[in-house]
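2 protein chains.
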Amino acid sequence: MNMQTDASFYAVIPAGGIGSRLWPLSRASAPKFLHDLTGSGQTLLQDTWDRLEPICGDNIAVVTGSTHASHVTDQLPNLSPTNLFLEPSPRDSTAAIALAAAVLSKRDSDVVIGSFAADHVIHETHKFEIAVKEAIEVAKTGKIVTIGVNPTEPSTAFGYVRTTDSLAGFDSAVQVREFIEKPSINKAKKYFQSSDYLWNAGMFIAPAKLFLEVLAETEPKLAESIDYLAEKVVAGGFDKEAVKTWHALKKVAIDYSVAEPAAKKGLVACVPASFEWHDVGDFAAIAELQSQGRSGNLAVLGKAKVLSDSSSGILVSENDKLIALIGVEDIIVVDTPDALLVTTKQHAQKVKGLVDSLRASGQDELL
Amino acid sequence: MNMQTDASFYAVIPAGGIGSRLWPLSRASAPKFLHDLTGSGQTLLQDTWDRLEPICGDNIAVVTGSTHASHVTDQLPNLSPTNLFLEPSPRDSTAAIALAAAVLSKRDSDVVIGSFAADHVIHETHKFEIAVKEAIEVAKTGKIVTIGVNPTEPSTAFGYVRTTDSLAGFDSAVQVREFIEKPSINKAKKYFQSSDYLWNAGMFIAPAKLFLEVLAETEPKLAESIDYLAEKVVAGGFDKEAVKTWHALKKVAIDYSVAEPAAKKGLVACVPASFEWHDVGDFAAIAELQSQGRSGNLAVLGKAKVLSDSSSGILVSENDKLIALIGVEDIIVVDTPDALLVTTKQHAQKVKGLVDSLRASGQDELL
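First to last, the sequence lines map onto chains A and E.
If you're matching positions, the first sequence starts at 1 in the working numbering and goes up one per residue.
If you're matching positions, the second sequence starts at 1 in the working numbering and goes up one per residue.
Be careful, since some hints might not be right.
Straight-line distance between alpha carbons at most 20 Å, and here's what the computed SDA-like set of lysine to any residue pairs gives [unchecked claim]: (1) Lys352(E) <-> Leu307(A); (2) Lys182(E) <-> Tyr256(E); (3) Lys321(E) <-> Asp320(A); (4) Lys321(E) <-> Gln292(A).
If you only want the chain E side, here are some residues facing chain A, beta carbon under 8 Å, derived [stated by the list, open to error]: (5) Val121; (6) Asp196; (7) Ala339; (8) Gln346; (9) His347.
According to the in silico footprint, chain A covers these stretches of chain E (three or more CB under 8 Å from chain A) [claimed, not checked]: (10) 259–272; (11) 352–358.
To be clear, the hints were calculated from the coordinates, so they are not data collected in a lab.
Because the structure is a prediction, the values reported are computed rather than measured.
Heads up, the beta-carbon is just placed ideally off N, CA and C, and yes, glycines get one too.
Assemble the whole structure, with the sequences as input and the hints as a guide.
Structure (structure tokens):
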């Protein structure tokens, strides 16, 4: 497991997940990562690319659904066609990241990969850069390295990383004892008081080979299929047989297939970081992010003309029509050509249930 | 002032008023009366016509803004072109009703006219019919007759009619002592307890000649201009000079120019009635009307597909897009192609202020 110090680094962006709680903005045909949810003028995917470019230039691969190929290439002009891996169907994060790891590993057996979600918001990107660079160095010593974000509140919305001893020879890297799923509020408060617990931001940096070795132990059948599929990609792309194999892949999150088993074996390290990190899971989160803690702000995303006496909430519009709000606080209004959502920040999480009932009633054209 | 008993009756529908509190549904180009606000499948104007037709057949005149001519004729196929009087600009109710009175009077000097707003909602139309028929008979004795609605609550939103003695020879007609403007809640409670006070529903039935005689005394200049303008209508329509005269007419409500002065002279009678009557002034009123006191009802006007957990409020939509509501009660959502309103029943009255600020900021295309 000796990694050469000159191993190249590749960022992998698994761009999947519809973002149901951001319906009707986020759709199967245009998921979360294809939207500008921060008012930056760029989509979350473009922001992700721009964050990684200073670290690894154009050594960035994107794994996304076949249906999003044209949107992704439109948004990322510097993405090499050979670094775009298309999923015939969503098979969860292990399949996506493992496919990228396997293809990149066949091109360069010593490659270190880093997986970064396409739909996170990170400010203070210099801190992100420093953390990822250290993580790459730690990974080269034969570790799967996660970036652990210092909690700013006892959140029950994120999983945690429980750390132990510092790793010798590194500025801030520490050993990881275990991954912990989203906790109760009491546990979250305990974690918040301790310095051993960090938010698991879902970023993993590891030698591709090590990643695939762990997977081969925990999910041998899946690992074998991925290896076969990676050969196909290297040979020019999926044929009919490969698509069939892809559709049959086991759906499993990377946390269960690789991160947690590797942590049990002592193979996982963590680089703590204190950059501002958001997963903007629902409209309430976007409203918070937009208002940046300042009160008296109604957040507005899009080109809508707004006439409002509301000092909180969020307005999202895909056209320039006038939106008038009177006497509604903490309101969420999302207007799209075929669907309009009106709810409040308090109920933002329930949007997913609404999408579920649309699906259940067969209104797929609205999903 | 002896009216012949065979005098013909003509209904006049002054179809004016934008209905600012119903923005963005009601617009300068498509005011309240051109919309179906009851879910009846007909507009308020069509409902008004249908209420009057059993009383007077096609003897119905409409006074409306020139810009609404085509909408009105589209909606009222039985309206005779000679009974459509077009206002070059809005000059309040006296000008509108007096013009109709003067033209109809020149055609038939003994005509009795009845003025009925184009944007009221009346249920139990047989009671309305009986009341109007009695009012016509009372009018023929040389009275200006109003229909007084029996109050069902101590409302501060309506003016009141104070009645005194019964008129001999009629089923229910009474003499009117005075008209009272919208009262304080304390006064409204007093009126509600007394049987002498009825809601002024703004309906006036009178010999056209009597109506014009009262006007000639209270507003001689206005009456003279109206007479000149009526000659023009009879001669084929307004010329340039007439339009100029119209624009210069004094703006005054019929209550001040005719009803109140006539009451002081003892010329006003009232036929009490107990039909259900609404002036649907704002979206809260429409919501109330739609839910008919039943709880657990979200009112929906238009073709919108609705997914909602709300049990109160109103949704108005001009298209068939999906409107999803989560956790919002007493909500008002009005979606039109160029403007979206979100407010609550509690704030429904404030919509007028919003329209005022749109006007003040020069956004006339949205009015």
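Quick rundown of the hints versus the structure:
1. Our distance criterion of 20 Å between C-alpha atoms is met by Lys352(E) and Leu307(A), whose separation comes to about 13 Å.
2. Distance check on the hinted pair: Lys182(E) and Tyr256(E) sit about 14 Å apart at the alpha-carbon level, within 20 Å; holds.
3. Straight-line distance between C-alpha atoms of Lys321(E) and Asp320(A) comes to about 17 Å, which keeps the hinted pair within the 20 Å bound.
4. With a CA separation close to 33 Å, the supplied pair Lys321(E) and Gln292(A) exceeds the 20 Å bound.
5. Hint status for Val121(E) relative to chain A: violated, with the closest Cβ pair at about 24 Å, above 8 Å.
6. The beta carbon of Asp196(E) is not positioned within 8 Å of any beta carbon in chain A (closest approach about 38 Å), and the interface hint is therefore violated.
7. Nearest Cβ of chain A to the Cβ of Ala339(E): about 4 Å, under the 8 Å cut. The hint holds.
8. The interface hint given for Gln346(E) is met, as the beta carbon of that residue sits about 7 Å from the closest beta carbon of chain A, less than 8 Å.
9. Because the closest C-beta pair between His347(E) and chain A is about 4 Å apart, less than 8 Å, the hint holds.
10. With a threshold of 8 Å between beta carbons, the proposed coverage of the segment 259–272 of chain E by chain A is violated, since 0 of its residues qualify and at least three are required.
11. Counting residues of the segment 352–358 of chain E whose CB lies closer than 8 Å to any CB of chain A gives 3, which reaches the minimum of 3, so the coverage claim holds.
Consistency note: the structure conflicts with the earlier hints numbered 4, 5, 6 and 10.
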